[in-house]
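Visitor: Chains as they are written, first to last, in this note's numbering: chain A, 592 to 1061; chain B, 592 to 1061; chain C, 592 to 1061.
Please note that the accuracy of each hint is not assured.
Where chains are identical, the list cannot tell them apart; a pair therefore holds if satisfied intra-copy or between any two copies.
What the hints assert, rightly or not - Below, computed lysine-lysine pairings styled on DSSO-like, alpha-carbon distance capped at 30 Å: (1) K917 / K1057; (2) K937 / K721; (3) K687 / K1057; (4) K937 / K793; (5) K737 / K687; (6) K1056 / K818; (7) K1057 / K721; (8) K818 / K737; (9) K937 / K917.
The set of hints was computed from the structure by calculation and includes no laboratory data.
Listed below are the residues making up each chain.
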Amino acid sequence: MKDSLLHPDRFFDPDPQVRGCARDVYRHIKDLPIVCPHGHVDPRLLAFNKPFPDPAELFIIPDHYLFRMLYSQGTPLEELGIPTSDGSVVERDHRKIWQRFADNFYLFKGTPTSMWLQYEFTEVFGITEKLTRGNASHLYDILQEKIDSPEFLPRALYERFNIEVLSTTDGPSDTLEFHREIRESGWKGRVLPCFRPDVLFKVASTQWQGTIDSLQQVSGISVIDYKSFIAAIENRREFFKEMGAVSTDHGVEIPWTHEMTATEADSLFRRALSGTATAEDEALFTAHMLMEMARMSIDDGLTMQLHPGSYRNHNSAVFDRFGADKGCDIPVRTEFTRNLHALLNKYGNDSRLTLIVFTLDENTYSGELAPLAGVYPAMKLGPAWWFHDSLEGMIRYRERVTETAGFYNTVGFNDDTRAFASIPARHDLCRRVDANFLARQVCRHTITMDDAMSIARALTYDLVKKAYNV
Amino acid sequence: MKDSLLHPDRFFDPDPQVRGCARDVYRHIKDLPIVCPHGHVDPRLLAFNKPFPDPAELFIIPDHYLFRMLYSQGTPLEELGIPTSDGSVVERDHRKIWQRFADNFYLFKGTPTSMWLQYEFTEVFGITEKLTRGNASHLYDILQEKIDSPEFLPRALYERFNIEVLSTTDGPSDTLEFHREIRESGWKGRVLPCFRPDVLFKVASTQWQGTIDSLQQVSGISVIDYKSFIAAIENRREFFKEMGAVSTDHGVEIPWTHEMTATEADSLFRRALSGTATAEDEALFTAHMLMEMARMSIDDGLTMQLHPGSYRNHNSAVFDRFGADKGCDIPVRTEFTRNLHALLNKYGNDSRLTLIVFTLDENTYSGELAPLAGVYPAMKLGPAWWFHDSLEGMIRYRERVTETAGFYNTVGFNDDTRAFASIPARHDLCRRVDANFLARQVCRHTITMDDAMSIARALTYDLVKKAYNV
Amino acid sequence: MKDSLLHPDRFFDPDPQVRGCARDVYRHIKDLPIVCPHGHVDPRLLAFNKPFPDPAELFIIPDHYLFRMLYSQGTPLEELGIPTSDGSVVERDHRKIWQRFADNFYLFKGTPTSMWLQYEFTEVFGITEKLTRGNASHLYDILQEKIDSPEFLPRALYERFNIEVLSTTDGPSDTLEFHREIRESGWKGRVLPCFRPDVLFKVASTQWQGTIDSLQQVSGISVIDYKSFIAAIENRREFFKEMGAVSTDHGVEIPWTHEMTATEADSLFRRALSGTATAEDEALFTAHMLMEMARMSIDDGLTMQLHPGSYRNHNSAVFDRFGADKGCDIPVRTEFTRNLHALLNKYGNDSRLTLIVFTLDENTYSGELAPLAGVYPAMKLGPAWWFHDSLEGMIRYRERVTETAGFYNTVGFNDDTRAFASIPARHDLCRRVDANFLARQVCRHTITMDDAMSIARALTYDLVKKAYNV
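Next comes chain A alone, as it looks inside the complex (with noise of 0.2 Å):
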């Protein structure tokens, strides 16, 4: 038992009623197709179909969650090859890199990353070693050997994993190019866009008029006013669902929604354009803006995600030199029952809408989402979410959420990943965790085994598609 490299067994619990229990309904749905509504793989990789560079490309250089572990322990991003800004030399011997991963692998153990890189290098990559310090090299070669080959391109990792549909997330004036390009290409894979448009709300930064000349340009509209603004939204919008868009996405660091009279939302759009918007301007515009990012959706169908408490960039010194996501945004706490109130309240008892809301905020799970969402019509619940997207994470969400929430409040998994490979990792962890939840349950004899089947197809697959319209 011990010492095995992926057990057929691993994350139920040891209770052998409970085990057997939760291996059934896990043979129920593992072999469901994988509904990838929310993520982060760039287009490109499947627009393109090359190889992966090489094992450094493929799992350190673009993983934050990996990096900022080896970071913590004092290995520099630098020997980590994580490119800099400026552009300035890092690391450029890739084996070199793998090697220092697997020197200190160790600091991964009882990590959700220990858990993903298993699979991916067992169930992925067929590699039957563990990593250590002494085979690194020879695993890279192996690893070498396979992304080089046909099998391990990525249209072909997609087809392999079972994936549905997957969504990237793309920033407002994108022109979606690559994923025309995949749509044009005969490959049946449905890639799909996400409309993100905070960079829009961000009145007081330095970048904001870049990026209101960037909408202009694409959407031909001239953004001179608040009205203006908004159809350029709307226009992007549309362009989206087009391309095949079937949701937003809204990340800001309270939840705060708040209408403001067309009037003043007109005068403090002018306020930004002149320059001189400040940051309470952008707070009450993004307020603003999430409500009408709601009326929006009510009337082309998108549905909106909401993915709050994130502090973005803590670390100055690594973002000064290395930039975003570079696994230095901390979670902050946040509130939902008084932030959420002007929302829910206008467009929340809406049947049309549909309100994802995701948190990093756990202690809001029981007292605040999962009573939210246990009565407005429009509103449910995203998957435990980044730190909290983990063996433990996940148990704690489905404790504290479904008692009050239930199941069908909820939306099944998805992955938020940038790593393309890790994605059937991620996926597996979670119908693992649903199937032993479920399982517990049937021992305490609160649902049946009938239950927990349907409840576990839901869960993996039904929810899912209900949600995003997929």
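With chain A held as given, fit chains B and C onto it using these hints.
Guide: This is chains B and C only, laid out in the frame that chain A set:
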């Protein structure tokens, strides 16, 4: 194992050792009388002792736990027969309502509502089939026949449930005529009122003057200043006590306590009488009146209950159309250490006071509430409340509270329910969870089986009787 | 199984697989030396090496965990012999105190106090009976006889406990004469001071000038401005280091960090010297001095410990009569992401700094602390602290911290105790909880048994030695 309707080992851990031990502990307490020191049963039910009208009126229409879930998944409240504030017509065909409920019964899987209802159907009403879309109408008939029979009259159920005492919750100017009627009827059931004066403290509300008018009327005291207001409240507390009350109850959004001088209080109160009190006045006055309530409790011996942290009527559309208590009260974060400082400093060392504190914010269990209850003689912890009165919620409560406050600074269970027929189901769930919690401890050798037995009895019966003086 | 005094499998999960594995892991670490890098043992105990006076003085009078619980259930502190600030008489009959404790011993069921005491009675003092009302006096005699014998002198216990190093916590102007006495006595025990300068930062306190006077005296530096203040602190840190100190400790209510300019700091400091500093000044100065402490730690290598979030002396009546540290410190919510931003940005990327952060607010484990420790090289997480240093508290800590921070960004256990005889009991509880936590992981196949062994050793011994340089 898997498909029994109501398994004898339900809610117990599957581990055979824990389960065996839980069974023994549960057997020791399952037949103890039910003490209901806090709840919302309508006293008319037991005063009139009329049959429940029909299954929809019994199970669905008064239970916001239940219809909020159906509403969250798109069923209009009108279709469930929830009465509107303006009396506009809603579904009148109660068999149809029942069918809608049966069609959507799967939504409750994994929730306490499902666990309670299964108990009620099986144990209270002797139904041996699971409710399905197909047999809904048939079960409706069976239930109707039962509730029309004398054994299912409210007083008969009270006796069958083995209820020893049942407290209602009543407005400060309530005449308690139905409590009197019960007392004078010769029936041996013990139904007590509880004094809940919240409305009297809402000095900024447009309804406030009306509540003062009622107060004057029932007390016979002219409320012309702060002093006469206090006298009128003391008068009412005395009346409630004569009518059997053993407790008061206080629902506030924020449990802030703060003592004003008599002059300040009088000045604020006069502002209120003149109709110019502000929201800030109301917050301050409420903080002050909580202090006064503690002072009076020391005088008259009524146990003081504090239920903070509910944002009432969050969904305005539902409130406007259907009124209060429709499942749209949502918890907010609650702070106790600083907010209760004034009250605990003035009265918390006085053993004559029993202040029972509840919370909707589980995050305060281990860090604030248990440490406070673990040192102040007056303060005790109420059981897991509302959204947290559930299998997992009660486990979290015990796990986070016990290690600092012990078992003996808690006060047993209360059902807090409006749904009369659910009372034994709720107490049974709690008894099983407590038995299982203690069994886990026995099996980890932190307490002995003898300890478990005596603690179980305390949690079920002794502590509640002591805390409420019943 | 059920009535043994100290079961060999205590605290382990009942599941046979987990239990068997936990046993193996525990066996691997149970005899490792005890490292105590943070605590509150009085150094005079080991300098004088006199017998403990009697069982009440040993177990009850100095242990606020213990007497606060008795107090919460109505026993006056006077009756427990707790000395008053004004020297007014309290219970002098220590046998009576012991009897009161025995009468109420049931209150501790399910608490760590009960688990620790059971260990102390059985393992340290060889008592084979359970303490009851009936045998209290008899056990008092047995205990008295033991503590009067040479094998129970403090130094003998230190050796028997297999303590490798023990840190005390000391005021900034402490002469450390008892530490010196221990060093010069020729005894091989290693007892180190820890520099805790909190009082020096409380510029608004009426006692502050007195602490500055002491600082001047011991440092020989005239503290006339901010610069000389800093010089005096650096002087004291150097002295502490010479006396063996490896760490500093900082207790603040809010862990706010903020750097003032030298001019601002000097101006504030002069205001303090003139006796006109405000509470706001104190908060600002504390925030600034935490930055200074980090800077100095980079220079002198002392590990920096931060213990925030305790509202000290919440119960004024107890504080006025009995003084500080009487069980009336209550946790408050604590925010880390924003509060630590300044310090971590300036010093958090510097591997020369070790900043160990503790919390009384469990709600920050997964969302704030683990993500911060999981990226900043300087930051590590202290173990579950105070109210959370318990069976369930430590499980929650590992479950919420490990998946983001891993095991290696934590620093092992510390007992933080004033109760010398409880040291092995506390470490044993932690070793068992860690063993069981790892066993659960092995049985869910997320780590191997080999991993568990090496992690267990790291958590028990290696990490604490590294974090504190001992």
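Visitor: Could you run down the list of hints and mark each one as holding or not?
Guide: Do the hints match the structure? See the list:
no.: 1; hint: K917 / K1057; result: between (33 Å within a copy, 27 Å between copies)
no.: 2; hint: K937 / K721; result: neither (55 Å within a copy, 39 Å between copies)
no.: 3; hint: K687 / K1057; result: between (46 Å within a copy, 27 Å between copies)
no.: 4; hint: K937 / K793; result: both (24 Å within a copy, 27 Å between copies)
no.: 5; hint: K737 / K687; result: within (19 Å within a copy, 62 Å between copies)
no.: 6; hint: K1056 / K818; result: neither (34 Å within a copy, 64 Å between copies)
no.: 7; hint: K1057 / K721; result: between (40 Å within a copy, 27 Å between copies)
no.: 8; hint: K818 / K737; result: neither (54 Å within a copy, 64 Å between copies)
no.: 9; hint: K937 / K917; result: between (37 Å within a copy, 18 Å between copies)
In the structure shown, a violation is registered for the earlier hints numbered 2, 6 and 8, in ascending order.
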